[in-house]
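Kindly generate the complete structure, drawing on both the sequences and the hints.
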Amino acid sequence: MLKIRIIPCLDVKDGRVVKGVRFEGLRDAGDPVEAAKVYDAAGADELCFLDITASREARGTLLDIVSRTAEACFMPLTVGGGVRTVEDVRALLLAGADKVAINTAAVKDPDLVARAAEKFGAQCIVVAIDAKRVAPPGAPAAWEIFTHGGRDPTGIDAVAFARLVAGKGAGELLVTSMDKDGTRSGYDLALTRAISDAVTVPVIASGGVGGLDDLVAGVAEGGASAVLAASIFHFGQASVAEAKAHMAAAGLAMRLDGPASSARAPL
Amino acid sequence: MSAETVAIIDYGSGNLHSAAKAFERAARESGCDARIRLTSEPEVVASADRVVLPGVGAYADCRRGLDAVPGMVEAMTHAAHGAGRPFLGICVGMQLLASRGLEYTTTPGLGWIPGDVGPIRPSDPALKVPHMGWNTLRAERDHALLAGIPTGEDGSHAYFVHSYALTAERPDDVVARAEYGGPVTALVARDNIAGTQFHPEKSQRLGLALIANFLNWRP
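Residue numbers (my numbering), protein chains in the order written: chain B, 1 to 267; chain W, 1 to 219.
Treat the hints with care, since some could be wrong.
Capping the alpha-carbon separation at 30 Å, the derived lysine-lysine pairs in DSSO-like fashion look like this [what the hints assert, rightly or not]:
no., chain 1, residue 1, chain 2, residue 2
1, B, Lys108, B, Lys13
2, B, Lys37, W, Lys21
3, B, Lys132, B, Lys168
4, W, Lys21, B, Lys119
5, B, Lys132, B, Lys13
6, B, Lys13, W, Lys21
7, B, Lys119, B, Lys168
Derived list of chain W stretches under chain B, where covered just means 3 residues or more per stretch with a C-beta under 8 Å from a C-beta of chain B [stated by the list, open to error]:
no., region
8, 14-25
9, 56-62
10, 132-142
11, 148-157
12, 160-169
13, 193-204
Keep in mind that the hints were calculated from the coordinates and are not lab data. Glycine is no exception: its CB is placed at the ideal position from the N, C-alpha and C atoms.
Structure (structure tokens):
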């Protein structure tokens, strides 16, 4: 049986791990490669690097981090942030990313998703959707796509956009609520559910995890195939193993056969 | 006895450093004296003691990449069929062992494990495609590559990420399946040729164990 994935996410800026609260007030949580090794050993199901470096010149730093992580960690790695072209996708895959997340560029040009999927396969193309609630009180829930770290509205309906890019060949959608991100008050479950119900590809719930019950809700109520979280793991509030045990106790199918890294030989 | 050479074929299908490092670590941890070589040279493949054909991306694209290296398919064929060397295909590398791929267009495969690679269609419409993540294996028969690896619902997990799967013409070519709204071919083998749909180099503990088994396999 396929298991629900737990994905720690490392926000990376200028080669260092940061975690923003509503994308402001960044805190330094260390070397991304070292953090990746810790999560590999802890039994994380995948890792995600989101690069929030502003300048294109610093791209080499990210590629170096990806490359060093891929050589040290035998687990799947998704990398996103600043991906604008098929060549950007190729560079990250060649550096060792297993999947590449496209965000703003997919909003500007949804056909980029199709071109990348045809070239590299849908399985490695993730579209990252940042959305905010826009419906007035009393109206049915609706969400709008925002780009540039949640600053710029686009007027595009998030659920319609999810359908569009899934049709273009996205193999997975990373759905982040910009209302919830950094609030530690739980995922926007209605958003996660609306998109999960609208597409046939897996959805990763993201933005707002404050406790382990939020991870359970992301799957049970949001319909997500995977749950992404950052600060609860980065700052030691919960371990990946505790999160898995909690989710398994809630009746979700989790991979509990433990970490790879140990002093002894495999198995 | 001198170290065995393990050739991992590099034909531009993606980053192989992670795969090479996984093979190096599995060799080290299982006490196997193996020299892991990433190579795009047919001569190295033809004379290697063991050959690994990785592959990520679209089927037709991988086939084109393989054909773009002059002499590579011949070298692989020599190693696998002429010299009888242990041969392992991974993900699309495993799918290339089939007769043909049906992703986007119909593309001829190597035909070593007869069958077609077609879209996954889970019986439960709630199941998402791609089949992405960690799944257990159901062993259909014993095989050296599964030695010591717990299978079944409570067994170890392998990492899958694919939308297409191999349906083998000969049922006994299938060593293990995963369950995903119906059986999904996970591990195939015939004589000295084997292939995994999942990624052993991404499968942490199970992956390193399977790679170690491959390095010690005497078919």
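Outcome, coverage of the region 132-142 of chain W by chain B - at least 3 residues whose beta-carbon is closer than 8 Å to one in that chain: holds (count 5)
Apply the coverage criterion to the region 193-204 of chain W and chain B: a residue qualifies when its Cβ sits closer than 8 Å to a Cβ of the chain, and three qualifying residues are needed. holds (count 5)
30 Å limit on alpha-carbon distance, applied to hinted pair Lys37/B and Lys21/W: Cα-Cα ~14 Å, so holds.
Under a C-beta cut-off of less than 8 Å, do 3 or more residues of the region 148-157 of chain W approach chain B closely enough to confirm the stated coverage? As far as the region 148-157 of chain W goes, the hint holds, because 7 residues have Cβ atoms under 8 Å from chain B.
Within the assertion that chain B covers the region 160-169 of chain W, do at least three residues meet a Cβ-to-Cβ distance smaller than 8 Å? The restraint on the region 160-169 of chain W holds, since 4 of its residues have a Cβ under 8 Å from chain B and three suffice.
Taking 8 Å as the Cβ threshold, is the statement that the region 56-62 of chain W is covered by chain B upheld or broken by the three-residue rule? holds (count 4)
Please verify whether Lys13/B and Lys21/W have alpha carbons no more than 30 Å apart. 27 Å, holds
Are the Cα atoms of Lys21/W and Lys119/B separated by 30 Å or less? 26 Å, holds
Does the region 14-25 of chain W contain three or more residues whose Cβ lies closer than 8 Å to a Cβ of chain B? holds (count 7)
Given the hint that Lys132/B pairs with Lys168/B, test it: the Cα-Cα distance must not exceed 30 Å. It holds: about 23 Å lies between the C-alpha atoms, which stays within 30 Å.
Quickly compare the C-alpha distance for Lys108/B and Lys13/B to 30 Å and report which way the hint goes. 23 Å, holds
Is the Cα-Cα distance between Lys119/B and Lys168/B 30 Å or less? 13 Å, holds
Hint compliance for this structure: no hint is broken.
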